[in-house]
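Student: One-letter residues, chain by chain:
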Amino acid sequence: MIELRDVAYAYPDTDHYVLDGVDLSVARGEVVGVVGASGVGKTTLAKIIAGFIPSVEGGTLAGSVSVDDVQISSLPLAEAVAQVGLVIQNPFNQISGAKFSVREEIAFGLENTGVPRDQMISRVADVAKLLRIDHLLDRSPYALSGGQMQLVAIASVIVMGTPVLVMDEPTSQLDPGGSRMVFDVISALTDAGTSVLIFEHKMELLREHADRIAVLAEGRIVYEDNPRTVLTDDRLESWSVGSTRYTRAARAARDEGLTAPDAALPVSLSDSTVYFTTQRTGR
Amino acid sequence: MSTSHTPVEANKVRNRVFVAIGAVVIIATYLYLILGQPSEFAEGDFGQASLIAIIGYLLGSVLIAAGTIHRLPTTTIALVPVAIAVNIVVGQIAASLGLPIYLDSIGTILVGVLAGPAAGALTGALTNVIWGMTISPIALPFAVTAVVIGVLAGYAGRLGMFRRFYLAPIAGLITGIVAALVSSPIAAFIFGGATGGGNGAIVAAFRAVGNSLLASTTFQGLLSDPLDKVITFTIVVIILYALPSRFRSRFPFVREYNVFGKQSEHAAPTRAPRRAAGGSDSPASTTGDDSRSSDSGTTPTS
Amino acid sequence: MTTTLYEDRESAVHRLNPVTKLVAMLSIIIIVFAVQIWWVALGIVVFVVMPAAVISGTGGRLLSLSLKLLLPILIVLVLLQGLFFPEGTTVLAEFGPARVTVEGLMFALGIGSRIAALVLCSLVLLLTTDPALLMTSLTQKGMSPKMSYVISSTLQIIPAFQTRAQSILLAQQARGLRLKGNPLRRVAAVLPLVSPLVLGMFTDVEERSTAMEARGFSSPATHTSFVVVEDPLGQKIARWALAAIALASVVLSLLGVFK
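Chains as they are written, first to last, in the working numbering: chain Y, 8 to 290; chain D, 265 to 566; chain W, 287 to 545.
Think of the hints as simulated: they come from the structure by calculation, not from any bench. Where hints are given, some of them may not hold.
As the list claims (entries may be wrong) - Now the stretches of chain Y that chain W is said to cover, found in silico as 3 or more residues with beta-carbon under 8 angstroms:
1) 68-77
2) 88-95
3) 107-115
4) 122-133
5) 161-168
Said to hold, decoys possible - Non-contacting residues of chain Y with respect to chain D, defined by C-beta distances greater than 10 angstroms in every case (computed):
6) Y149
7) A150
8) P183
9) A271
Stated by the list, open to error - Incomplete in silico selection of chain D near chain Y, CB under 10 angstroms:
10) T339
11) P345
12) T498
13) R514
Since this is a predicted model, take the numbers as computed values, not measurements. Even for Gly, the Cβ is constructed at its ideal location relative to N, Cα and C.
With the hints as extra help, turn the sequences into a complete structure.
Tutor: Here it is in structure tokens:
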């Protein structure tokens with residue numbers, strides 16, 4: 008579905024490649040989480056996949072970025088956005104402001120792309136039901152909580168029916184409740200066959216919802232595997248990537264010699280209950 | 265595709281025609297009002313002048329707004345509402361603080377300098393429309409003045425008057441004088457000089473010594489507009505230089521006309537050798553090599 | 287969430303297609319300025335504008351807004367033209383340089399009646415028209431959807447800007463910024479207020495632009511409309527009729543019929 012091969016990128020008017028040899032692929036209906044330190048280039052990579060770089064922001068792009076075997080960087084932006092949906096951090100800035108009700112706001116993209124009216128009505132209703140925001144349809148988009156606003160933003164992107172969705176830290180400006188709302192939605196999306204690439208910090212939520220986690224560091228993907236394996240890897244710290252609190256607690260206990268040195272580390276609450284009861288060294 | 269009349273191109277022509285006609289209408293209206301010397305004490309002549317003022321300026325502003333919006337890229341269109349909001353919010357604060365200046369065109373000038381005269385014109389026109397919709401309809405007839413300010417700010421940017429700090433206030437002075445000249449017929453023929461208590465008093469003073477109404481509103485305008493625009497242009501140039509240059513250079517207009525002076529040149533980037541063999545260098549897909557060619561015009565209708 | 291003067295109510299006037307009301311407002315203004323006769327302007331105000339206000343239940347607000355917006359202008363106008371009209375010959379009273387002249391007062395009457403018509407007409411339009419529907423119906427009639435986007439989103443973000451400006455103002459005052467005093471000082475006080483407001487807007491603008499593109503804003507496809515505003519044939523005819531009358535009055539006016 009999404010295929011990145013040897014992608015490299017330098018910002019305009021600079022000569023340093025911030026991304027240098029990124030390889031990544033996401034299959035249909037998969038959720039891949041990309042983690043990495045702040046400033047490592049996650050947002051840049053998200054924009055490259057969504058087709059905004061280099062067409063809007065310029066710079067030098069090398070390598071192959073394809074969605075369904077179509078080179079995204081060769082498409083004009085209007086066509087690229089029909090292939091890849093993009094959701095960004097700030098919910099407020101994604102509300103167009105052009106519409107006075109949530110229902111119309113969700114339909115904004117459909118109006119722009121000339122979808123016939125009867126199709127619009129049914130697609131908006133379906134998406135609202137999928138994201139469980141039907142009860143918000145008549146409200147003003149600005150009279151919502153941050154989490155609700157982000158759900159409306161997501162709705163207004165996925166209603167356009169792109170096969171791929173890129174989410175760039177969609178929960179970073181939300182409280183825990185709002186973050187949950189967003190992640191719960193992701194499974195609904197992949198069930199419908201959408202491929203989701205989510206750039207995130209919140210490890211616990213990624214562990215629950217992602218099929219794979221990829222680590223972006225030093226300008227490329229340095230590690231990629233299933234969430235449990237990635238999150239318990241000892242090298243995460245060297246890449247300035249956090250882990251779940253359960254893993255950190257277990258690692259600290261192991262380093263102190265309180266638990267067995269070779270046992271697999273836990274990544275969730277239930278794992279850690281088992282871990283701490285069965286792996287104690289009795290010291 | 266060899267035909268020269270695809271719908272997109274036909275629209276482009278139509279839009280340019282709108283802008284051209286709009287500009288002509290505005291200039292013609294202005295010249296009529298100033299040079300036609302409509303007599304002010306013959307009620308009939310004066311009435312006709314006010315009719316022409318209101319129709320000419322209204323029609324001209326609408327044509328210009330309709331013609332300019334299509335060619336603006338999305339980056340600019342996203343900027344306009346924010347600029348209008350700044351105009352209105354700061355303008356209201358200035359009024360509530362009782363400042364002797366208007367300060368209601370910071371956003372218009374900002375947009376003109378960053379995105380060009382067309383964008384500046386649109387921002388100005390819509391500021392007055394929205395001010396009229398939300399605060400007071402009295403603002404509506406003055407839309408053409410805001411259009412002129414936006415256009416002049418755009419040309420000031422284009423002609424390099426924002427490359428040096430001291431040139432921007434000079435552009436402000438010129439803009440203020442022109443703004444006063446453009447709005448004085450509106451103040452005279454549509455409002456009879458009564459655009460506000462303070463302004464009215466100044467007009468009264470000039471009238472008391474025998475000046476015509478048009479001359480009085482012109483003198484009143486020349487006392488306030490140039491000062492307001494010099495200060496506003498100065499504020500804008502200070503703000504723009506405080507902005508990181510990457511925000512400024514996102515605007516194609518800024519790059520094309522070198523609005524802020526030369527940016528430092530960089531050598532073409534080279535890649536660090538990453539892996540042995542495997543043919544990793546594929547510069548064939550290096551699109552949009554530098555920001556110059558790739559950004560603008562992502563809106564096909566422009 | 288809008289900042290216009292609109293009040294949500296039910297009435298025949300509210301139900302009219304917004305474009306009809308807009309055309310009516312523009313036609314009335316043009317007719318009033320074309321015909322130039324003060325009692326025609328006042329007649330239209332009394333027999334057209336005021337009944338519209340009453341039917342729509344907005345009479346009270348119209349009155350209070352007029353007192354706030356229109357009355358001050360009219361007072362200044364009467365004082366200015368009544369007292370300082372050098373071309374006037376029939377003097378009623380003199381106070382130093384000020385001369386009360388009949389010609390001046392008549393002049394004020396003419397201009398004042400036209401301004402009153404202009405302001406009151408616009409106010410009735412604004413009080414009875416939902417800006418969302420106004421934008422939708424204008425787009426249906428051919429206005430660029432981008433224009434609708436700009437106007438609507440400005441209306442919706444102004445409250446957030448006002449809040450931001452207020453908090454910046456408070457923060458600066460807490461740091462010693464003084465807002466009283468001579469005008470020069472007050473003007474100098476503005477930069478610390480405007481700067482943060484404007485600089486903060488640029489990251490927002492970048493993100494808003496990205497979000498717009500992600501929703502197909504620059505798509506070349508023909509825009510379609512989710513909401514449809516009713517436009518009965520009767521109103522279409524009425525609009526053409528009004529426009530024709532307005533045009534006729536302009537032509538007659540230019541021919542000098544009303545002098």
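Student: Now, for every hint given, state plainly whether the structure supports it.
Tutor: Now for the hints, and whether the structure bears them out:
no., hint, verdict
1, 68-77, "violated (count 0)"
2, 88-95, "holds (count 6)"
3, 107-115, "holds (count 6)"
4, 122-133, "holds (count 6)"
5, 161-168, "holds (count 3)"
6, Y149, "holds, 13 angstroms"
7, A150, "holds, 18 angstroms"
8, P183, "holds, 31 angstroms"
9, A271, "holds, 32 angstroms"
10, T339, "holds, 8 angstroms"
11, P345, "holds, 7 angstroms"
12, T498, "violated, 29 angstroms"
13, R514, "holds, 8 angstroms"
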